[in-house]
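Visitor: Read top to bottom, the protein sequences are chains A and B.
Quick note: the first sequence uses this note's numbering, first residue 284, plus one each step.
Quick note: the second sequence uses this note's numbering, first residue 431, plus one each step.
Bear in mind the hints are in silico, worked out from the structure with no lab data behind them.
Possibly wrong hints are sitting among the right ones.
To be verified - Partial selection, computed: residues in chain B whose CB lies under 8 Å from chain A:
| no. | residue |
| --- | --- |
| 1 | E456 |
| 2 | T633 |
| 3 | G742 |
| 4 | G789 |
Claimed, not checked - In silico DSBU-like links for lysine-lysine, alpha-carbon gap of 30 Å or less:
| no. | chain 1 | residue 1 | chain 2 | residue 2 |
| --- | --- | --- | --- | --- |
| 5 | A | K622 | B | K641 |
| 6 | B | K469 | A | K305 |
| 7 | B | K514 | B | K463 |
| 8 | A | K300 | B | K786 |
| 9 | A | K599 | A | K350 |
| 10 | A | K305 | B | K463 |
| 11 | B | K786 | A | K537 |
| 12 | A | K522 | A | K437 |
| 13 | A | K489 | A | K437 |
| 14 | B | K803 | A | K537 |
| 15 | A | K637 | A | K330 |
| 16 | B | K435 | A | K326 |
| 17 | A | K447 | A | K412 |
| 18 | B | K803 | A | K330 |
| 19 | A | K291 | B | K641 |
| 20 | B | K570 | A | K305 |
| 21 | B | K583 | A | K289 |
| 22 | A | K522 | A | K289 |
| 23 | A | K599 | A | K493 |
| 24 | B | K469 | A | K622 |
| 25 | B | K435 | B | K463 |
Beta carbons: idealized from backbone N, C-alpha and C, even for Gly.
So you can see what is in the structure, the chains are spelled out below.
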Amino acid sequence: MLAKTKNKVLSGKRLSKEDAIKLFETDDIFTLGKLASYAARKKNGNKAYFIKNIHINPTNICVNRCKFCAFSRSKGEEGAYEMTIDEIIHKLRAMSYELQPPYSEVHIVGGLHPDWPFEYYLEMISRIKKYFPKICIKAFTATEIDYFSRISGKGIVEILTELKRHGLDTMPGGGAEIFDIGVRNQLCPEKLSGEGWLAVMKAAHKAGIKTNATMLYGHVENYGQRVDHLLRLRELQDKTKGFQAFIPLAYHPKNNEIGGTYSSGIDDLKTIAVSRLVLDNFSHIKAYWIMLGEKLSQVALLFGADDIDGTIIDEKVTHSAGALSSKGLTAGELINMIKKAGKVPVERDSFYRKLKVKSQKRDVNE
Amino acid sequence: MNKHKRITKKEGLALLKNSDLLGLGEWADGIRKGLHPEKTVTFIVDRNINYTNICINKCTFCAFWRDKEDRDAYVLNKDELYKKIQETIALGGTQILMQGGLHPDFDIEYYIDLLRSIKSRFAINVHGFSPPEICYIADKSDLTIKETLNILKAAGLDSIPGGGAEILSDRVREILSPKKIKSSSWLKVMENAHMLGMRTTATMMFGSVEKPEDIIEHLEAIRNLQDRTGGFTAFIPWTFQPGNTELGSKGQRVKGSKEGTVPDLRTERSEVVEPGLSPHAATAIEYLRVLALSRLYLDNIENIQASWVTQGLKIAGVALRFGANDFGSTMIEENVVAAAGVSYRVSMEDIIRTIKNTGFKAAQRDTYYNILKEF
Chain A
284 MLAKTKNKVL
294 SGKRLSKEDA
304 IKLFETDDIF
314 TLGKLASYAA
324 RKKNGNKAYF
334 IKNIHINPTN
344 ICVNRCKFCA
354 FSRSKGEEGA
364 YEMTIDEIIH
374 KLRAMSYELQ
384 PPYSEVHIVG
394 GLHPDWPFEY
404 YLEMISRIKK
414 YFPKICIKAF
424 TATEIDYFSR
434 ISGKGIVEIL
444 TELKRHGLDT
454 MPGGGAEIFD
464 IGVRNQLCPE
474 KLSGEGWLAV
484 MKAAHKAGIK
494 TNATMLYGHV
504 ENYGQRVDHL
514 LRLRELQDKT
524 KGFQAFIPLA
534 YHPKNNEIGG
544 TYSSGIDDLK
554 TIAVSRLVLD
564 NFSHIKAYWI
574 MLGEKLSQVA
584 LLFGADDIDG
594 TIIDEKVTHS
604 AGALSSKGLT
614 AGELINMIKK
624 AGKVPVERDS
634 FYRKLKVKSQ
644 KRDVNE
Chain B
431 MNKHKRITKK
441 EGLALLKNSD
451 LLGLGEWADG
461 IRKGLHPEKT
471 VTFIVDRNIN
481 YTNICINKCT
491 FCAFWRDKED
501 RDAYVLNKDE
511 LYKKIQETIA
521 LGGTQILMQG
531 GLHPDFDIEY
541 YIDLLRSIKS
551 RFAINVHGFS
561 PPEICYIADK
571 SDLTIKETLN
581 ILKAAGLDSI
591 PGGGAEILSD
601 RVREILSPKK
611 IKSSSWLKVM
621 ENAHMLGMRT
631 TATMMFGSVE
641 KPEDIIEHLE
651 AIRNLQDRTG
661 GFTAFIPWTF
671 QPGNTELGSK
681 GQRVKGSKEG
691 TVPDLRTERS
701 EVVEPGLSPH
711 AATAIEYLRV
721 LALSRLYLDN
731 IENIQASWVT
741 QGLKIAGVAL
751 RFGANDFGST
761 MIEENVVAAA
771 GVSYRVSMED
781 IIRTIKNTGF
791 KAAQRDTYYN
801 ILKEF
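Looking at chain B on its own, in the form it has when it is part of the complex (with noise of 0.2 Å):
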């Protein structure tokens, strides 16, 4: 294999099927150094903010959604809104990720609201509405996907994260989240909004049901998007956690686990749900190769997230010399990850002391990857 030529579909399948992974961890770290010579891994100091929990996609692999009735299903007040921003902005945060539910009664005014409010009231960045959102929200108020993007954006929203992108294979969506957005659609969200100015991040989530080639296949998506826009900051490999999903747990969804204990479901991961499903979440071992792999395979996307969230700061800081250069947000606050059981409480000195032990410098960046201050 060339290693200076862009890598093909068949040759990425190759790398991720049977390739040593020290190897190829050794060459994406020397793309990466290549790309970041200068020896800094950057962090963004954000707030998820999950505005409801209702929707009306409930997708397998989720342990946050609601229904309407539920006891636990909310809508963020604007007062405790405000309060999360401001909370945020005094710790010296730059940005709220704002993501939630497909709510059945919103359409577009809802979010023209909250974007005015916010951004009258507060100097933030509102990276906001992931595709499936932006879909929703188009459908539920009758307009395109460009028009309801140029309304949202007039209204405030300044960046799209990458999320429900999931695996960008039709075959798999089918299992996981049969209601949601189908590859296209989410593709074609993230183009428009490109086009429009915007920048969006991309993610992939993995180690549920997908084959190798459908890892291929969406790397392979974004990486031509990317050809034609130029509008992606950043890749973000994650992995699937199995805990209080339906997908994890024989169907058994845990309901009401927030204000409870999350309980263990270790032991009865064993139980194949899904054609295909392993009872094991993803190891280590496929998260580097797979981080790895996207620091080879997206030769025109600058910036790979290291996901300390799903793997701890350990690997998280491992991860650092497999391909990635950044480590993602301090996460103020996730609800959604937590919701499945995984929590790692992890403060901004343990992200610079990862960062710093593990050999790099650390710095806190904004939005577009512009350095704000060096630790």
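Excised from the complex, chain A in its bound form (with noise of 0.2 Å):
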């Protein structure tokens, strides 16, 4: 049944809306995960990417109430927290030994607050790089950005290049879900739309930010409305080449208003090898094992992934709707999770550079 799709597959050839489809409807993952496997190889050989990173979450005080989100709070509204700048650059220090940050990389996502000016984003970043100026600092989803400009008023061009000015270095891919219109409209309907995510990409990497590409599956949508995403993501990527890695995120049911279950393993596998499959111009595919759980994404690397993203530290958004993941990993786990996979463990930073030898080994040894 995968006959002709493997051959197009074999032969180098872009795969089409029909094409992906079907491989998502196949029960022969086998062939699928091999497929996969031998695309990921062709992009980057035997290797698997990880990074040491910490995750801040300034603030979970949102004025968008997305319906799969388990994380944002009203202002005033038990359990909502806002981070001052120093209580921040304090949580950088605290995990810090002679201030040497055993990580690499600051991911940074949150709420849109409803009182926070956009300078306060710009001396976050500025501060955070003055204290720790060989940290790349990863920030702000496309629906931040878009907020952003709304709040101040300023155009998304010059949000972006004010941000890299103050240290931004490069952008997560979260806020794209599925770009779908009816779907958006059950999930988040406040949210930016599609469009306008695919927007605000694009003027990033033309301001010469990288940034990552993310899908949220498994909740309302169907495996057409996922085909269409990548295909999106796809078509953009042939324009700018600014995406580095596609993330497909595992939707999580709990304590939020659509409910439902959590995705199979199966479907989790399908959807990395499907991604790896179509995304014929990402370089990378990322298994975030947060989302996944340490097991699958291990599994994952088999299917496609050549990332498993990072030791993250204290995780909070995907915990909230009932992660199964741990909060964090030591190097030293990841490192064991992709050698008993049969790949090799590189650790990178934020532009999927290699970091150097020594440090890694002395990591394991931790």
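Hints in hand, dock the two standalone chains.
Guide: As structure tokens, this is what we get:
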């Protein structure tokens, strides 16, 4: 059944919408996995990447109420919090040993705070950069960028340029959810539209900011809508080449309005594999272990993924919605997972540059 | 390798050491399809009742045992026991899995009384007493294994769980569980039980100190016995859980953890305590590989169980495509694994949903794999 698609993959031809849907529908997960592995090997050899990183979520106060989100709160609501810049710096320093942070990237995403001005975010970025000049700052989803534009009255390009000037290095790929308008109206009617998300990313790429892309799957969408999402990403990537990694995010059903179930492990593996095969212009497919679980992420390395994200330290957003994974892993654990999958672990920086082997060795023995 | 012939030890070892997992999985999936073409994945509704945690064996991989003097040592009284069984039946359960520590004061009279009092009150299958317990009972009462089994069977014991097998290699057992029965005794209990017409399961705990050769030795021993008796209903491979155990935590046994919070031993795991012990638990890929190989190697055992208790539901679902055809028990209560810090709270609905989302029909079965109810 997959013979035609298989030939296309082996001869390096681009897959169509129909091919992709067929791949999602197939019961033959082994052929799918082998094809995706083949595609992954062509891009990244036998390497599997990880990064030492830390997540900072400056606030969970958010003016939007996305129905799948269990993290957001209103101002004054129980459990609502906001961090001052001093607190953020303090947290980053507390994790460091003799000013040597055990991470090379700070990942910052948060709620759309009703009162914080855009200048607050600029100051946040520049002060982190000042304290930790060598740490890459990966911050703010397209949704947040769009919000900054609205609260400040500045254009998207201006927002991006100023953030970059203050020290922003790369952007995460969150907020993409599923682009389809019908799905979006059900999930997150207040959120930036799919077209808006793509427009912000296009502007970021033009401004020289590399970004990731995501897709939240396993809620109300169908395979056709997943494929449409992937194809729109592929189309933009053809134009800009600004996406670094694609990260399929498994929906979590706890503590939100949508409910439903966790995605099945087989669906997770299929989604990784189809993404690898369809997104032929993306260098990296990431199995984000916070959302897939440590065990499934490792298996995903045999289904086309070449990256398992990082040590993370203190994840909050997905754990609010019932993540069963840990809140952080040591580099030693990540390296072990990768090696046991038969891959070569490579510690990377935010731009997929290999970090020195020496530091890796030390961390394994930590 | 001829895929239609029985796998030799040498071939098994090669598959375990260096084969492509997807190829191995596809092969095991094909064998599973041939044995169970109906696309149904079964599970049993049962409850794990641990009648005591007092144990003289003190295996290094176990987080459950206590000394008699420990403040959280217990022996279940009959009222508690009956209540647990009543609850099990009310939840549609058909079996109790009854296992416990090797209590220094119990002899066969305790077990006879236990079985009779259950059987006179409840119509439920008693799947009880793994081989180390059977050997211990025999020893305490100066009986042969066969005599012991006969007496217990007459008192109401229906079938025997395959626990305590760990790895059937005495080299490994010497490190893991020096006081526990040797491989030959485990196999002898099972052979005698099968001869008396009792069905049993077989397990294998891996991911501790064993070598690939030990896993093959284990599979070979099970296959050989099954050739002679045909008494095993299922094989259940599962992975060693390092939390709160002597083996997993630098020899510092965490006592009383059941009452407090289970400490996170993740960060402490990196200390190697025993020669050859990996600081990490077996990963999902190692689990799927051993599972698939078990399906292929044990060509005379009909059912292979996925271990959601040690792997979580996602990997247990994936395991259904790597050779497994059964989801084991709903585990109304699981004290032993929870004591090692692994606790997946899972309902019967979660299990049914996982089976269905993976593309199978879900069905409740009894101890002997007869289908009771389809979902």
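Visitor: Hint by hint, note whether the structure agrees.
Guide: Going through the hints against the structure:
1. E456: Holds - the Cβ of E456/B comes within 8 Å of chain A, reaching about 4 Å at its closest.
2. T633: Nearest chain A Cβ about 20 Å off; hint violated.
3. G742: holds (6 Å)
4. G789: For G789/B, the interface hint holds, since the closest Cβ of chain A sits about 7 Å away, which is under 8 Å.
5. K622/A <-> K641/B: holds (17 Å)
6. K469/B <-> K305/A: holds (21 Å)
7. K514/B <-> K463/B: violated (37 Å)
8. K300/A <-> K786/B: holds (27 Å)
9. K599/A <-> K350/A: Holds, because 17 Å separates the two Cα atoms, which is no more than 30 Å.
10. K305/A <-> K463/B: The hint holds at about 22 Å.
11. K786/B <-> K537/A: holds (20 Å)
12. K522/A <-> K437/A: With a Cα-Cα distance of about 25 Å, the restraint between K522/A and K437/A holds, given a limit of 30 Å.
13. K489/A <-> K437/A: The hint holds at about 17 Å.
14. K803/B <-> K537/A: Holds - the C-alpha atoms of K537/A and K803/B are around 29 Å apart, at most 30 Å.
15. K637/A <-> K330/A: OK: K637/A and K330/A at ~11 Å, within 30 Å.
16. K435/B <-> K326/A: violated (38 Å)
17. K447/A <-> K412/A: holds (11 Å)
18. K803/B <-> K330/A: Roughly 47 Å separates the two Cα atoms, so the pair is violated.
19. K291/A <-> K641/B: At roughly 42 Å apart (the allowed maximum being 30 Å), K641/B and K291/A break the hint.
20. K570/B <-> K305/A: Violated, because 63 Å separates the two Cα atoms, which is more than 30 Å.
21. K583/B <-> K289/A: violated (57 Å)
22. K522/A <-> K289/A: Holds, at roughly 26 Å.
23. K599/A <-> K493/A: holds (24 Å)
24. K469/B <-> K622/A: violated (34 Å)
25. K435/B <-> K463/B: holds (17 Å)
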